[in-house]
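Chemist: Fit chain D to the known structure of chain V by using the hints.
Quick note, the sequences are listed as chains V and D, same order. Numbering (this note's numbering) for the first sequence: 4 to 159. Numbering (this note's numbering) for the second sequence: -13 to 165.
Hint data in this document are derived by calculation from the structure and do not stem from the laboratory. Computed from a predicted model, the values in this text were never measured in an experiment. Beta carbons: idealized from backbone N, C-alpha and C, even for Gly. Just to be clear, a hint being listed does not mean it is correct.
Just the calculated beta-carbon pair ranges, DEER-fashion [claimed, not checked]:
| hint | chain 1 | residue 1 | chain 2 | residue 2 | range |
| --- | --- | --- | --- | --- | --- |
| 1 | V | 102 | D | 96 | 19 to 27 angstroms |
| 2 | V | 110 | D | 108 | 35 to 43 angstroms |
| 3 | D | 164 | V | 72 | 22 to 30 angstroms |
| 4 | V | 96 | D | 153 | 51 to 59 angstroms |
| 5 | D | 140 | V | 74 | 42 to 50 angstroms |
| 6 | V | 44 | D | 153 | 55 to 63 angstroms |
| 7 | D | 140 | V | 91 | 31 to 39 angstroms |
| 8 | D | 158 | V | 53 | 36 to 44 angstroms |
| 9 | D | 95 | V | 96 | 23 to 31 angstroms |
| 10 | D | 108 | V | 159 | 54 to 62 angstroms |
| 11 | D | 164 | V | 64 | 52 to 60 angstroms |
| 12 | D | 102 | V | 149 | 50 to 58 angstroms |
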Amino acid sequence: MTSRLFFSSAAALALLAVPAAAQPGCALTAEPARITVKRTENPEYRLRLKLPPGCHTNSHQPNDPDLIPLRLTWNPGPLEAGAITFPKPTLEKYSFSEKPLSVFSGEFEIVTQFTRKPTAMPGPAVLGGKLRYQACNDRMCFPPRTIEIKAPVMLQ
Amino acid sequence: MKTHLLRGLLAAVLVVTAACSQPGGDAARVDAAEAGLKPAAQRNPAPDFVLKDAGGRDVKLSDLKGKVVLLNFWATWCGPCKFEIPWFIEFEKQYKDQGFAVVGVSLDDEGWEVVKPYIEDKKVNYRVVVGTEEVSMKYGGVESLPSTFMIDREGRIASVHIGLQAKSAFEDDIKTLLQ
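Chain V with its partners taken away, still in its complex shape:
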């Protein structure tokens, strides 16, 4: 249900009711860079992500079992996804948490190691994937969301 939750009324409501919560939505932005892959190369892909100031998302290993982890999955394609490396999370204490939480905030990168399939043909391709996250600020949380990743790739 949360994926269909309703528009941005809460954003304005947050402005009206709780001025301190100035980051309505806390949307995570992905900036998929274009890469060129040489004929024999097994590339790594660095997915750059950005959260608005004051917002955080749970890390890939939240230290509370109720929290929703950050997850990146890649679709099948000419490049096969291998190890996914997340940055080191920070432990942050919030007004609502009794213990520090394992989170990402600001700008960060997730690195994926890809293997070029022997059947991969030269030419343009797209690395497609999904990033699921759940973000909060110090006073409120926002429903889990999934964003589509589409990274242009040139296979030489």
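Modeler: Same frame as chain V, but now just chain D:
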């Protein structure tokens, strides 16, 4: 003055946006710009709903008319929501006999699978139901959690609290509405 104008403008934008975004929506849908304890004459009716509790029993909001109701939208993945829950347990215990009730509406996608163990573990003593998109829409979409609506004895929304609040903010409303 400027603040009032700005608030009025934002409220109008919200109402228009809500109307455009939900064709055929519930006429009783909440004006999401309500904030603070409103004068009685300016309060809107709380949209009614019927949802099941953990035991499969119907919880109908309008059946609580005559009581002051704290209607709290929450989720198990929401830290600020869980921070408030012990307060609501305390309020239910302290004010129940004066005509007060808490209703928790979980917006967990996994429903009772995650909600039931949580409320059992925390010994939640008030009514908890699992929400639906329809109910969420009636209350303005509930995009941010926690979202709490204080409902007066006549079934009208007296205040809206979005995000983590001071415990006293709820308790002040409860005491005033119980008078």
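Chemist: Each hint: holds or not?
Modeler: A quick look at each hint next to the structure:
Under the hint 19 to 27 angstroms, the C-beta atoms of residue 102 of chain V and residue 96 of chain D, about 24 angstroms apart, fit the expected range. A hinted range of 35 to 43 angstroms for the beta carbons of residue 110 of chain V and residue 108 of chain D is consistent with their spacing of about 36 angstroms. The hint said 22 to 30 angstroms for the Cβ distance between residue 164 of chain D and residue 72 of chain V, and at roughly 42 angstroms that hint is violated. Our hint of 51 to 59 angstroms for residue 96 of chain V and residue 153 of chain D is violated, since their Cβ atoms are close to 19 angstroms apart.
At roughly 46 angstroms, the beta carbons of residue 140 of chain D and residue 74 of chain V sit within the given window of 42 to 50 angstroms. Checked against the given bound of 55 to 63 angstroms, the beta carbons of residue 44 of chain V and residue 153 of chain D, roughly 58 angstroms apart, stay inside it. Taking the beta carbon of each, residue 140 of chain D and residue 91 of chain V are about 54 angstroms apart, not inside 31 to 39 angstroms as hinted. About 39 angstroms separates the C-beta atoms of residue 158 of chain D and residue 53 of chain V, a value consistent with the hinted range of 36 to 44 angstroms.
One distance hint, 23 to 31 angstroms for the beta-carbon pair residue 95 of chain D and residue 96 of chain V, holds here, with the actual separation near 28 angstroms. One distance hint, 54 to 62 angstroms for the beta-carbon pair residue 108 of chain D and residue 159 of chain V, holds here, with the actual separation near 57 angstroms. Our hint of 52 to 60 angstroms for residue 164 of chain D and residue 64 of chain V is violated, since their Cβ atoms are close to 45 angstroms apart. At about 26 angstroms, the beta-carbon gap between residue 102 of chain D and residue 149 of chain V misses the expected band of 50 to 58 angstroms.
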